[in-house]
Amino acid sequence: MKVGLFIPCYIDQFYTKVAIATLKLLQNVGCQVDYPLQQTCCGQPMANSGYEHLTGGCNENFVRNFAGYDYIVSPSGSCTLHIKHHLHASNESEASAIRSRIYELTEFLTDVVKVSSLKATFPYRVGLHQSCHGQRGLHLSQMSELMAPPFSKPAQLLNLVDGLDLVQLDRRDECCGFGGTFCVTEEAVSAKMGKDRVADHLRHGVNYITGVDVSCLMHLEGILKRANSAVQVKHIAEILTATV
Amino acid sequence: MNQLNLDHASAAVEFNKDEPRVDWHDETLWFVRTKRDRAAAQLPEWEQLREAASQIKNHVLSNMHDLLAQFEENAKRNGITVHWAENADEHNAIIHKLIQDAGVTRMVKSKSMLTEECHLNDYLTRHGIDVIDSDLGERIVQMRKEPPSHIVLPAIHLKKSDVGETFHEHLGTEKGATDPQYLTEAARQHLRDTFLTRKVALTGVNFAIAETGGFVVCTNEGNADMGAHLADVHIAAMGFEKIIPRAEHLGVFLRLLARSATGQPITTFSSHFHRPRPGQQMHIVIVDNGRSRQLGRPDFRNSLKCIRCAACLNTCPVYRRSGGHSYHSAIAGPIGSILAPNLDMKLNADLPFASTLCGSCSNVCPVKIDIHDQLYKWRQVLMKEGYGPGSKTAAMKAMATVLESPGLYRMAGKIGRGVLRFTPVLAENRFNPWYNQREMPEPPAESFRDWYINNKKA
Chain S
3 MKVGLFIPCY IDQFYTKVAI ATLKLLQNVG CQVDYPLQQT CCGQPMANSG YEHLTGGCNE
63 NFVRNFAGYD YIVSPSGSCT LHIKHHLHAS NESEASAIRS RIYELTEFLT DVVKVSSLKA
123 TFPYRVGLHQ SCHGQRGLHL SQMSELMAPP FSKPAQLLNL VDGLDLVQLD RRDECCGFGG
183 TFCVTEEAVS AKMGKDRVAD HLRHGVNYIT GVDVSCLMHL EGILKRANSA VQVKHIAEIL
243 TATV
Chain A
797 MNQLNLDHAS AAVEFNKDEP RVDWHDETLW FVRTKRDRAA AQLPEWEQLR EAASQIKNHV
857 LSNMHDLLAQ FEENAKRNGI TVHWAENADE HNAIIHKLIQ DAGVTRMVKS KSMLTEECHL
917 NDYLTRHGID VIDSDLGERI VQMRKEPPSH IVLPAIHLKK SDVGETFHEH LGTEKGATDP
977 QYLTEAARQH LRDTFLTRKV ALTGVNFAIA ETGGFVVCTN EGNADMGAHL ADVHIAAMGF
1037 EKIIPRAEHL GVFLRLLARS ATGQPITTFS SHFHRPRPGQ QMHIVIVDNG RSRQLGRPDF
1097 RNSLKCIRCA ACLNTCPVYR RSGGHSYHSA IAGPIGSILA PNLDMKLNAD LPFASTLCGS
1157 CSNVCPVKID IHDQLYKWRQ VLMKEGYGPG SKTAAMKAMA TVLESPGLYR MAGKIGRGVL
1217 RFTPVLAENR FNPWYNQREM PEPPAESFRD WYINNKKA
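Protein chains in written order, with our numbering: chain S, 3 to 246; chain A, 797 to 1254.
Careful, some of the hints might be misleading.
A few chain A residues that don't get close to chain S, going by computed Cβ distances all over 12 Å [what the hints assert, rightly or not]:
1) K813
2) N854
3) L949
4) Q1077
5) L1204
6) E1235
Dumping the calculated SDA-like pairs for lysine to any residue here, alpha-carbon to alpha-carbon at most 25 Å [as the list claims (entries may be wrong)]:
7) K872(A) x S1067(A)
8) K1173(A) x E62(S)
9) K956(A) x Q977(A)
10) K19(S) x L148(S)
11) K1188(A) x G165(S)
12) K1173(A) x A91(S)
13) K813(A) x S231(S)
14) K86(S) x I22(S)
15) K1193(A) x S102(S)
16) K995(A) x E1007(A)
17) K893(A) x K956(A)
18) K893(A) x Q1076(A)
19) K1193(A) x N67(S)
20) K1101(A) x G1182(A)
21) K813(A) x A1241(A)
22) K831(A) x L1046(A)
23) K4(S) x Y126(S)
24) K1101(A) x E841(A)
25) K813(A) x A229(S)
26) K813(A) x D833(A)
27) K19(S) x K1173(A)
28) K1252(A) x N67(S)
29) K4(S) x L148(S)
30) K1173(A) x S102(S)
31) K1193(A) x R228(S)
32) K831(A) x L845(A)
33) K1193(A) x R66(S)
34) K1252(A) x L204(S)
35) K831(A) x Y12(S)
36) K831(A) x H141(S)
37) K1142(A) x K1210(A)
38) K1193(A) x V233(S)
39) K995(A) x H923(A)
40) K116(S) x E62(S)
What the hints contain is simulated information worked out from the structure, not anything from laboratory work. Heads up, the beta-carbon is just placed ideally off N, CA and C, and yes, glycines get one too.
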C-alpha cells in the first residue's frame, strides 16, 4: 500500500511536529509512506475567498506531486475536502483519481487500514473539536443536526489510547470560527466563536483540546494562549502516537 | 446602534462590543436550535420527511409556470382576485390601490417577509397609509422603526427590558416594566382595537395550493386570522415560490415547518383560506421580484425551495454572534446571504463571506437547500464579476503565485517563520487582525520538508 503524504502548507511551515506524528502514525500501522517534495498548498485559501479561478497552478502542482499513489492521506479534513471537491487539472483523469483516493488521516485509519489497536498512552482529559469540513464535509462523525445513529471516527481512535478520558461537550460540533480568511476578515465573530468553543472545553475540565484540523486548533491555541490558559492543543496524530 | 448601513463584518464588530448581550443572543437562539433537535428526534421519519419536502419543492421549481397557472385558475374560480407583480414597486402599488379602492387609509398586517423585502411599510407610509403590524415581535420592531432581525422571531435581538422601554414610550406602560405577561397584555389591548377598526388586512402566505386555489397562513398568535376575519378586504401577498402542487403535501410541510422553526409540532394556527366570505373581498398578489432570475441560475435556483423556517439562522454560529441586522437585508442569516446577492450583487457582496462554510445550515434545512455550497458558489460569482475590493484581488493573485510555485512557497515560508521567530513585532501588532484577540503560532526552526530531508533521506 503506497501512501502519498499530503502535508498542508501551514502544517509544513508552522506545525512540523504534527506532520512528523502523522508520518510516524502511518508507518506504525504498516503503511509505506512517501512525502512528495514539491508539494505546496491545496488552493483552498484562494478558493474559499472567491478566487477558485486562481487555483489552477496549485491544482497542476498537486497532481504532479500526487499522481500514481494508491492513497493520498492528509492530517487535515479541510484540505482533504477541498481536493475531493475542487481538484481539476489538465490531466483530468489523474485529478479524478486523486479526488477519489485522498483521505483525511482518521478516516483512512478507520476505513482503509481498519485500525483496531494502537500503542499509545495519553492519561489526560481530552476534548475533541469536530472541525466542520471533516465533520460535515467528510462525515467523520454523525452530525448533530441529522437524525441518525451516532458514530465518530476520531473518537473511535481516541478510545484506543490508554488512559485517555474523552469528555462530552455541551455543543459537540459547533464551528470554532476559524474559517480560513474569515478569521481575519470577520475577526470579531471569529474570535468570539473561538472563545465560546474554548469555554465549552474548559467547562468540562479538559487538559487538552484535540482535533483533525490544525487550522482550527491553531485558532483555539491562539485564544488559549492569550488567556494564559494551561490547556494545550494537540493534533489527533500527536495523541495517537503519544507514549508517556 | 445602527448596524444597517455597515457591511457585515463592521456591523458584527458593533454587535460584539457588548459581549454579555452577544452571549445572551447566542444562547437564546441555540436554545431554539436544541428545541428543534428534540422535536426532529421524536419523528423516526424525520430525514425522509426532509427528503420528501425537497423532492416536492424540486418538482415545483421545475413546473413553476404550470402550477402557478393552475393556482390562478382555481383561485379565480373560488372568487379570489389574483394579481401579478413583477417587482417590489408593482407589489406595493397594487396593494396601495386596493387600500385606496376600499376607501380607507389604515391597514393591519400580519407577518410577511415578502412585504419586508418589498419595503411595503415605507411605501405605504409615504403614501399616507397607516400600517399596523399585528405580529407582536413585528409590532415591537415597528414601534422602534427597526426592521425585523429574524424571519420567525423578529424582535429576538431585544431583551424584555428593551421591549419595556419601547412600550413605555409608545403604549404608556409603566416605566421599567419587564414582566412579559404585563407587556404582552398591553400590546394585546392595543392590537385588539386595531383589529376591530381596520377594514383592510394583509397576510403573508406560507403555502399556496395549486390544485385547490387556496392558501395556508401559519402563525402562533392567531393575528393573521384576527385581521383577515374582521376585515372587509383580505390581501395575501406571496412570492411565487410558495406554491405547492397538492393539499396532501401540507402533510409534509406543516410537519417540518414548526419543528424546524421553534421545535413545536405544529404552529398554533395553520389557517386555510379558500374563498372570501360573503361580502368580503379576497386578493392574492403573486410576486416575482427577482425570483425568475434566481430560478434561471442553475447553481442557485434551489434557494427558492425555502419555506422561511429560520432553522438556518438559529443554527448559524455567525448569525448568533452578529445579529440579524448585520445582514442589512430583509432576510438575514445563511439563507438571506444566498438570496440577497440575486437582488443586488454590489450591495450584498459581503454576505456570502459572512460564513465559515461550516455547513450546519444545510443540515438543518427542512427542504435540503445546499446553503453552504451556494455561499461558496456566490463567492466565486461575486469575485469574478468584480465585486471584491481591488486590494483583495491583488493579494489573492500574489498568494496564488507563491503557493503554486514550490520554490517561492518554500522561500516565503522560511521568511515568514523567520519573521515570527526573530522579529515577532512585525506580526504581533494592532494592524494584524489575528493578533487582536489571539496569539500567533510559535514557528519551528525547520519546516516538515526540511526535517523529512534531514531525517529520512540521510
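Kindly indicate which numbered hints from before are broken by the structure, ordering the numbers from low to high. Checked against the structure, the hints that fail are numbers 1, 5, 6, 10, 11, 15, 16, 17, 20, 21, 23, 26, 27, 29, 31, 34, 35, 37, 38 and 40, while the rest are satisfied.
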